[in-house]
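Once you have looked at the hints, place chains B, C and D on chain A.
Protein chains: 4
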Amino acid sequence: MSKGRLEAFSDAVIAIAITIMVLELKVPHGADWEVVRPLVPVFLTYVLSFVFLGIYWNNHHHMLHAADRINGKILWANLHLLFWLSLIPFVTGWMGENHFAPLPTAMYGGVLLLAALAYLILQTAIVAHQGTDSKLRAAVRKDVKGKLSAVLYVVAIPLAFVNQWIAIGLYVFVALMWLIPDRRIESKVGR
Amino acid sequence: MSKGRLEAFSDAVIAIAITIMVLELKVPHGADWEVVRPLVPVFLTYVLSFVFLGIYWNNHHHMLHAADRINGKILWANLHLLFWLSLIPFVTGWMGENHFAPLPTAMYGGVLLLAALAYLILQTAIVAHQGTDSKLRAAVRKDVKGKLSAVLYVVAIPLAFVNQWIAIGLYVFVALMWLIPDRRIESKVGR
Amino acid sequence: MSKGRLEAFSDAVIAIAITIMVLELKVPHGADWEVVRPLVPVFLTYVLSFVFLGIYWNNHHHMLHAADRINGKILWANLHLLFWLSLIPFVTGWMGENHFAPLPTAMYGGVLLLAALAYLILQTAIVAHQGTDSKLRAAVRKDVKGKLSAVLYVVAIPLAFVNQWIAIGLYVFVALMWLIPDRRIESKVGR
Amino acid sequence: MSKGRLEAFSDAVIAIAITIMVLELKVPHGADWEVVRPLVPVFLTYVLSFVFLGIYWNNHHHMLHAADRINGKILWANLHLLFWLSLIPFVTGWMGENHFAPLPTAMYGGVLLLAALAYLILQTAIVAHQGTDSKLRAAVRKDVKGKLSAVLYVVAIPLAFVNQWIAIGLYVFVALMWLIPDRRIESKVGR
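Each protein sequence line maps, in turn, to chains A, B, C and D.
Residue numbering for the first sequence follows the numbering used here, beginning at 42 and increasing consecutively.
Residue numbering for the second sequence follows the numbering used here, beginning at 42 and increasing consecutively.
Residue numbering for the third sequence follows the numbering used here, beginning at 42 and increasing consecutively.
Residue numbering for the fourth sequence follows the numbering used here, beginning at 42 and increasing consecutively.
Worth double-checking, as some hints may not be accurate.
Just so you know, same-sequence chains aren't split out, so a pair can sit in one copy or run between any two.
[Unchecked claim] Straight-line distance between alpha carbons at most 25 Å, and here's what the computed SDA-like set of lysine to any residue pairs gives:
id : residue 1 : residue 2
1  : K114      : I221
2  : K114      : A179
3  : K183      : A142
4  : K44       : P69
Treat the hints as calculated values from the structure; they're not laboratory data.
Here chain A stands alone, though its shape is the one from the complex:
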């Protein structure tokens, strides 16, 4: 089985998800500053989701680059990840339009959590299918960021109902954790 089409299909789905999100930025009726104000939270969630999808594309790129072989299980684990990523435009729009109300903010974290778990499942499926001395296996053992992200989402979701800004702060923290240049990214396999 070739990994070329798997990469191409994943690229296409992530590219579409990242681009159709802009359709949730509804063109306002009116042309003064007042119509711009309610768009600000929608725009900010758009930026956050764009960064998250960019991180996923980036990590996916690296992980598959290190994979030598693909099987049916990996194909489905990948589709499972794409499923949760495809829901990001929906929760982005919902959280933005409701100006970070508790429930949509928790749901946003829920989709991020399920995408993170799907990523870990995919990683496990790929590692299991490579040889025992694969570079990927070594890289994954140290995947602290991946596991920490999932833990932070679990913490953030209930906190959204206490104070949604704590949850938002945790989401932004996870995004920054991945964005900050990481020398290992350049020198090692994996994320």
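For chains B, C and D alone, coordinates are given in the frame of chain A:
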């Protein structure tokens, strides 16, 4: 004629269909649990259609991998399949928004049936264009799943007007039939 | 300059245009046969436009396959073609929703005409950039179908204001002219 | 790191942005000339934005063609560019629907400016990562057009509040500056 662009174009259409379906999950006005409840059936049909499109992408991937040569007939049989797949977002939205009412549920099965027939036509066109001792030809003769799926859709469509849950149950059964790991997928050509 | 990215970009634009057209098939409110009836003309225009975009993808595929070299003029002639193709979802939705009223029917022909002219311009730009004894040059000289299509659109557009069914009939005739298996397609370069 | 997936992902995002813009051309209710008139400014902005996105795709194509190596910084600089390009459909729709009112016209220029700066950042990141005698480095030093475009946007944005047609005129001038055949494009690396 190269099969590379055929694969790339099919990947793009399936990726777009699978991703724009989420646009039918309309961002609700409001941010409490009450606005979530009517979304549940829409979400469940989204999951079902995501799985069906995933299965088609997966099978398409395997079938074309086994094809050596492409001709004009195959190009059009492929476009015919993509046509029915492109209608899945529409019937998904219709069935979900009407909470599995009989007519949309039957129509959903109708589109699945026509996609299944289009797949069988494409398979036949590809086999006819390969050599007589092609691996694909042997695999297709045993394509019990493909034919059984079509039969189950034919049964499900009228039953949707008796009790729509029987139809839904049959659609879910077909999806599971394809999802359950099948050792042959890994070892043989075809679906 | 590589033609790989030109093909990939064109495939993506045509795939998106062909798939987002389904968004004009608005999910109806209600679940009985009555809500289906007004969708019939929208569905029929969808089929027609799907076939036209399929023909363009097919022909584009063949033409670029025969091209050896690409330059800046070809890139822009290609973008010009993609521009008119990207408008097909719009005129499709307009004609369908207004049940083939004269003005949208004429506009639909106008976009088809401008796409056909853009295709001829692209063809000329590609031929001009190949060697004088290129296979493409010979194939293009005989491109009767391409020129006849443009002539038929020119005839159909004013006739849409007399009787729109004559215009629709001519559009369908052009589509069938391209769809009918053409032995030359398999044996020669070009469309 | 391979630049193949970077190109494919960028192509997909630009292709989607250029194609979903047509969704802002809302299918009008009615079928006479009167419903067409308010669409004219929307259509004209669509043409302008299509040309801008076409120019970006074109330049991106050339720049990456000349790049030998990719790193994490380049991946993120590229995503940053794609972010601003993904906002073009939004500002296009807003400017078009409000018939070139001052604020949306200035915002349109703002997004163009930020995209131009993102392009210059990406260019710098790529040049920094190539060898000191790279062809790209030489080409970039002469990138007068890229810098002049940014300056013209800076001038146009405040002028949109004086008279929006001056701003529009400047945007059109920038587009034409890139569109006009440039012999260097064919003979040299870069834009």
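Broken hints, numbered, in rising order? 3, 4
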